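A.B. asks: Let the sequences and hints guide you as you build the complete structure.
If you read the sequences in order, they're chains F and S. So in our numbering, spot 305 of the first sequence is number 305, and the numbers just go up one at a time. So in our numbering, spot 7 of the second sequence is number 7, and the numbers just go up one at a time.
Since the hints were made in silico from the structure, they are not lab data. One thing to keep in mind: the hints can contain errors.
To be verified - Now the stretches of chain F that chain S is said to cover, found in silico as 3 or more residues with beta-carbon under 8 Å:
#	segment
1	42-52
2	109-118
3	368-374
Claimed, not checked - Just a sample of chain F residues kept apart from chain S, beta carbon distances all over 12 Å, derived:
#	residue
4	Ile8
5	Asp26
6	Asp216
7	Ser311
8	Tyr499
9	Ile519
These figures come from a predicted structure and were not determined experimentally. Here a beta-carbon is modelled for each residue, glycine too, at the ideal position from N, C-alpha and C.
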Amino acid sequence: MNSVVVLILGLVVAFIGYRFYAKHIDTKIIKSDPKRATPAKMYMDGVEFMPTSKNILFGYQFKSIAGAAPIIGPIIAIQWGWLPALIWILAGTFFIGWVQDYSSAMVAMRNDGASFGGLSHKLISPRARIILLSFIYFYLLLIAGAFGNVVVSTTIALKAAPMAWLFLTVGGILAGQMIYRWRKDIILTTVVTVVIAMAGIWFGTLAPSDKILGLDLANSRWLWAIAAFVFCYFAAVLPIWRFALPINYVASYIVFLGLFFGIIGIFILHPDFTLPAYTDFSIRIGPIWPIMFVTIACGAISGWHSIVSSSGTARQLENELDARPVGGGVMFIEMMLALFALIIAGTIYASSAEYGAAIAKGPGGIFAAGVSKFLGALGMPAALGRSYGSVMMIVLAITIMQLVIRFMRVATSELLSDVSPVFRNPHIGTFIACILGMVLVMTGWWQYLWVLFGGANQLMASLALLLVTAWLMSEGRSAAWAFWPMIFMFITTIAALLYTSFNLLQKVISGAVKGEALIGNTLMGLVGFFLVIAALILGAEGMKALKRYRAITKAQVASAAKA
Amino acid sequence: MSEEKKKKGSFFGAVKEFVYGVAAHDSARFALKSRASMEHLFILITMGDMLGVPILPPYYSLRLLPYVVPQISTWKRRMLKEKDLTDGLA
Chain F
1 MNSVVVLILG LVVAFIGYRF YAKHIDTKII KSDPKRATPA KMYMDGVEFM
51 PTSKNILFGY QFKSIAGAAP IIGPIIAIQW GWLPALIWIL AGTFFIGWVQ
101 DYSSAMVAMR NDGASFGGLS HKLISPRARI ILLSFIYFYL LLIAGAFGNV
151 VVSTTIALKA APMAWLFLTV GGILAGQMIY RWRKDIILTT VVTVVIAMAG
201 IWFGTLAPSD KILGLDLANS RWLWAIAAFV FCYFAAVLPI WRFALPINYV
251 ASYIVFLGLF FGIIGIFILH PDFTLPAYTD FSIRIGPIWP IMFVTIACGA
301 ISGWHSIVSS SGTARQLENE LDARPVGGGV MFIEMMLALF ALIIAGTIYA
351 SSAEYGAAIA KGPGGIFAAG VSKFLGALGM PAALGRSYGS VMMIVLAITI
401 MQLVIRFMRV ATSELLSDVS PVFRNPHIGT FIACILGMVL VMTGWWQYLW
451 VLFGGANQLM ASLALLLVTA WLMSEGRSAA WAFWPMIFMF ITTIAALLYT
501 SFNLLQKVIS GAVKGEALIG NTLMGLVGFF LVIAALILGA EGMKALKRYR
551 AITKAQVASA AKA
Chain S
1 MSEEKKKKGS FFGAVKEFVY GVAAHDSARF ALKSRASMEH LFILITMGDM
51 LGVPILPPYY SLRLLPYVVP QISTWKRRML KEKDLTDGLA
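C.D. replies: Right, dumping it as structure tokens:
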């Protein structure tokens, strides 16, 4: 199939999904009312609750949800063939993805802007809240591990990446200094710092890491894992304006320009898919169901989005009608991003063997090669394009990773400060988060780690849908459009996590793995089992709540009939 | 302004807002959050006078009082609102 056909197919699905399905739900079931006061207006405090234009929120939501996951998922999942991946991306977004993003914003909006902890306490049970929050901690840990792995494998596969990453960091720190300390003009700051970052991408091709550090160090996983976590350490302990935010600011231009011109490049080159449409039901990481459905996470549906939608966006929407474009619309854009990655993986290699050799080194190299090819259509030299692609990959992974480490630090101090006051120290919490993340990166096989992250992420999504279903039923609204996606995601993710954890721990028990892999397998297997148990308890509590709501609705219907 | 010009202006306005949303909205929100946490301390200093109990030397806090009183209702709501981990994420 031709890649342009895939893009057009994506646009058609997005159009129908957004214009008809989403509109139907929004007007007929949720009954969005532009006159109803949103929490942003009702509780405006100039900080968290603040009415904001839908265009700004569209950009904010896109930036918050578009990490590395929608790109890496399809690149790995194409091992089953591009057709199942394509179908899951399109159908998943159409039936489940936007539903979750939109409805989690809506449920928070109609409940005074409450966050998930408060909502689960109110709609399900008090115990649900504690379990959900501890679930989120381990979910964050898996994100740190999976994304850390992406950074490490990309810096090893692409020797231009470290220098470009360094320049980006310098440019970002300078941006913070120029804006907040020297009070320089924002346009001047942007031009200077983005030029520095771009110069780094070019300089990376002239001074690759193996020339500067020697081949041994340039290929050392230890070195780059330490670099990634030291980076996150600074992001977590320094004031946020000094490090994390300005680096994200500069990086967002690089990512945005790369995606924009990359998609134009696809239209110019419009290559055909060279990899097979379907390979096998079962491959090395597992069978197509359930594993592929968690490998492609954010491109089809993602629990991360529900957190952004409920705790961030829902408190800023100034009009209920904006929830559909911001919550739902952005998910369809994310779907296009996943299709972009699928096209890259499916078209740039001549054969499955070539792709197989590339994926063994990690997904970063494949993405960078694709970016290089499509930017090449616009005249960019190949080496420069690869360097550009590698920085995009690192940026997409590390911006989420630094956020995650920062919040694991907060979580450590909240959960453990009663045990000992030492956990209140920000350095201790950050150090614990970094060490746990490092252990995962250094000892776990990255594809299993990715599947576990995807499983936790999708499970989070089904828990969000559970909350939405409980809310819909408590209000006596039609809930099937959220209930069935929740059931599908719940069963699929539990199966995926159990399958992966069982595989990992079986290798530990049978003595098939030793040394580092033993630690990695044990840790990943246990985290997987913990997530399954937490989800099962939450699921049981949720079902009890749903039964309760159903009984109340039935009683109301019966009394109305009598009257 | 003609209809066409208006349309053009609103399109570029929307693009501008989108770029701001992608690049800088986060920074603005965090800046507001940092300022709000400073405000918490500030209000705590003047809390004694608002309650009528002189907890701290009253001269300075009385001078600060007029700045704080208009914000007291949103401050109360922010302090008393239930918070969890996910609040920090977005």
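A.B. asks: Are the hints correct? Go through all of them and say.
C.D. replies: Consistency of the hints with the structure:
For the segment 42-52 of chain F, the assignment as covered by chain S holds, since 8 residues bring a beta-carbon within under 8 Å of that chain's beta-carbons and 3 suffice. Figure legend: the segment 109-118 of chain F, annotated as covered by chain S; annotation consistent (5 residues with Cβ-Cβ distances under 8 Å, at least 3 required). With 0 residues carrying a beta carbon less than 8 Å from a beta carbon of chain S, the segment 368-374 of chain F misses the three-residue requirement, and the given coverage is violated. Every CB of chain S is more than 12 Å from the CB of Ile8(F) (nearest about 23 Å), matching its label as outside the interface.
Once the 12 Å rule is applied to beta carbons, Asp26(F) is consistent with being away from chain S; the minimum gap is 20 Å. Every C-beta of chain S lies more than 12 Å from that of Asp216(F), the closest at about 39 Å, which supports listing it as non-interface. At the 12 Å boundary, the C-beta of Ser311(F) falls inside the reach of chain S, the nearest C-beta of that chain being 4 Å off. With a closest Cβ-Cβ approach of about 28 Å to chain S, Tyr499(F) is found to remain outside the 12 Å limit, as its non-interface label requires.
Remark: the non-interface label on Ile519(F) is consistent with the geometry, its nearest Cβ contact in chain S lying 27 Å away (cut-off 12 Å).
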